[in-house]
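Assemble the whole structure, with the sequences as input and the hints as a guide.
As given, the protein sequences belong to chains A and B, one line each in that order.
Under this note's numbering, the letters of the first sequence match residues 1 to 299, in that order.
Under this note's numbering, the letters of the second sequence match residues 1001 to 1186, in that order.
To be clear, the hints were calculated from the coordinates, so they are not data collected in a lab.
Check before you lean on any hint, since a few could be wrong.
[Claimed, not checked] A few chain B residues that face chain A, going by a derived Cβ cut-off under 8 angstroms, partial list only:
1. V1021
2. G1037
3. A1040
4. A1042
5. T1079
6. A1117
7. I1120
8. L1143
9. R1146
10. S1169
11. L1171
12. R1175
Glycine included, C-beta positions come from ideal geometry on N, C-alpha and C.
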Amino acid sequence: MTAHDDGLPNDPEGIRLMIHALVDGELDAAAALAVERRIAADPQLAAEHARIVAVQGAVSRLPRPDVSDAFLARIAAIGAPAAQAPDQEAQRRSPSSIPGLTVGAAGGLRRSAEARPSPARTMPRARRFGSFDWRAMAASIMISAVLASGATQWVMVNNVADGFAAAVASGHRRSLLAASPIDIVSSDRHTVKPWLDARIGVSPPAPDLAQDGFALIGGRVEVISGRPVPALVYRHREHLITLVAEPQQSGKATEPNDLSSGGFSMVHWSDGAFSYWAISDMERPELDDFVARFRKAAV
Amino acid sequence: MPDHGADLSEKALAERFGEVVLPHLGDALSLARWLTGNAADAEDVVQDACIKAHAGIAGYAGGNPRAWLLTIVRNTSYTWMSRNRPRGMMAVGDLGDLDDMASAHGTSLPDEDGPEASLIAKADTAALEAAIVALPQPFRETLVLRDINGLSYREISAMLAVPIGTVMSRLARARGLLASELGRAP
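Next comes the structure, spelled out in C-alpha cells:
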C-alpha cells in the first residue's frame, strides 16, 4: 500500500472508519473529497464503500413502527395542562392534523389514570396518612434520631473526602429529625415509584421486602451535589434505612462496598443503572442482609 | 383568568412538551422497539419515558429535542429491562469480548473480500431485522441511533457517554456484522 499525504489515516481500519463517516455525512468538504479520491483509486475500498452504502440504505429503509392515534392521545394527555377538564388552549396547540385527538385525549386520560395510579396531583391528600400508623412511626423515629445523630456526626467529620457519602448521611440524619422521614407515605411500590417518576423523572427499583422483615414505607427526594435523587425508606423493627439511588449513565456494576464507621452502617454498590447508598443505624450484618435481599429482589 | 402567572407557565410547559416530545414519538418507539425487542413493550417504555420527559421538561435546555427525548427513552428502556428481564441484560459481556466477537466475524479485516453490495441490498426485511436483533447490544444501539433515528456521531457520543471514536468503531462493526450476515449465500 502506498503512503498518502492527504491527511487521512493510512491504516486500513482508520480509512474504513472514514468511509463510514463519509456515508454518514460527517465529513467536511475537504475530507470528503480526500476519501472519495482514495475510494476511486482503490477497488477494495470502493467495494467496501458500496457495502456500507447498501447496509446503511437497507437499515434506514426498514419500516417504522406506527404511532397509533390511541397511543398519541395517551402521550398527549400526559402533557395536557393540569390534566383537567377540556382546555381550549391545550387542544388548539396540539397538532390539529390528528383525527380524533380531542375525543382520544379524554379516553387516554382515563386509561393512563387507570393504568398508573400515580402522578402526585392525582393522589388525594387524605391518602398521605390513610391507614398508616403515624404515632408508632413517630415514636420509632424519635428513638432512631437520638441513636443515629451521634453516629452520623462521626461519619460526617471523618469522611469529609467522600462528598456524596457525606451528603447521603446528612440527608438520612435530616430525615430522622424532620417531621416526616418520607414525602410519599406508602408501602405500595406502585405508588412510590410513579410518585418519584412524576417528581424527578427517575424511578429506581423499589421491591417490597416486608416478608423479609424490611418493609418499604415510602420515598422522598434528596438533593445531592445539586441534583435531585430518589431515596427509598425501609423499616426494619425500630430502624429506618435510607436507600439513595443515584442514576448512572452506562455505569459499571460494583459489589457492595462498606463505608461504615463508628457503629453507623453505610453500604455502597451499583448495578449499572443506579448507584445505591444504603444507610442506617442498624448493625452492619443486618444492613448487609438488607442489601443482599434488595439486590436479589431488584435484579 | 385570575391566576394568570401559574397558569401561563404551565401552559408554556405543556406547549413545550407538545413541541419537544410529540413529534418524535415515532423515533422513540423505534428505539425502544430495538432495545427491548418488541413493539408492545416499546409502547410501555415510551409511555414511561414520556412521563419522565414531562416531569423534566423544564430542564430541557434547547439542542436537538429528538436526542433529548431518545436519551430518556434509552435510559428508561434499560431500567425497564433490568426490572422485567434480567436475563436479557446479562447476555452482553464486556467490550473486550465484543472485540473478539467482531474480529471472529472478519469484520476488522477490510482487505478480506466482503459480500457483494448487491446481495446486501436484495436482503429481505425479515432477514435484516433478525440480523439486527442478533447484534451485540452496544453495536445494535449505536446502529439504531445512527441509521434509524438519524442522530449524528456527536449526539450519539454524548448520549452514550463514549468518545466519538468508539461510536465510529461500534457503528462500523455493526454494519460489518450485518453485511457478512446478509451477504451469505442464500
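Structure-based check of all given hints:
1. V1021: holds (7 angstroms)
2. G1037: Cβ of G1037(B) sits 13 angstroms from chain A, so the hint is violated.
3. A1040: The hint is violated - A1040(B) has no Cβ within 8 angstroms of chain A, the shortest such distance being about 10 angstroms.
4. A1042: holds (7 angstroms)
5. T1079: holds (5 angstroms)
6. A1117: Constraint on A1117(B) satisfied, holds at 4 angstroms.
7. I1120: holds (4 angstroms)
8. L1143: holds (7 angstroms)
9. R1146: holds (7 angstroms)
10. S1169: holds (7 angstroms)
11. L1171: holds (6 angstroms)
12. R1175: For R1175(B), the interface hint holds, since the closest Cβ of chain A sits about 5 angstroms away, which is under 8 angstroms.
Checked against the numbered hints given earlier, this structure breaks hints 2, 3; the rest are met.
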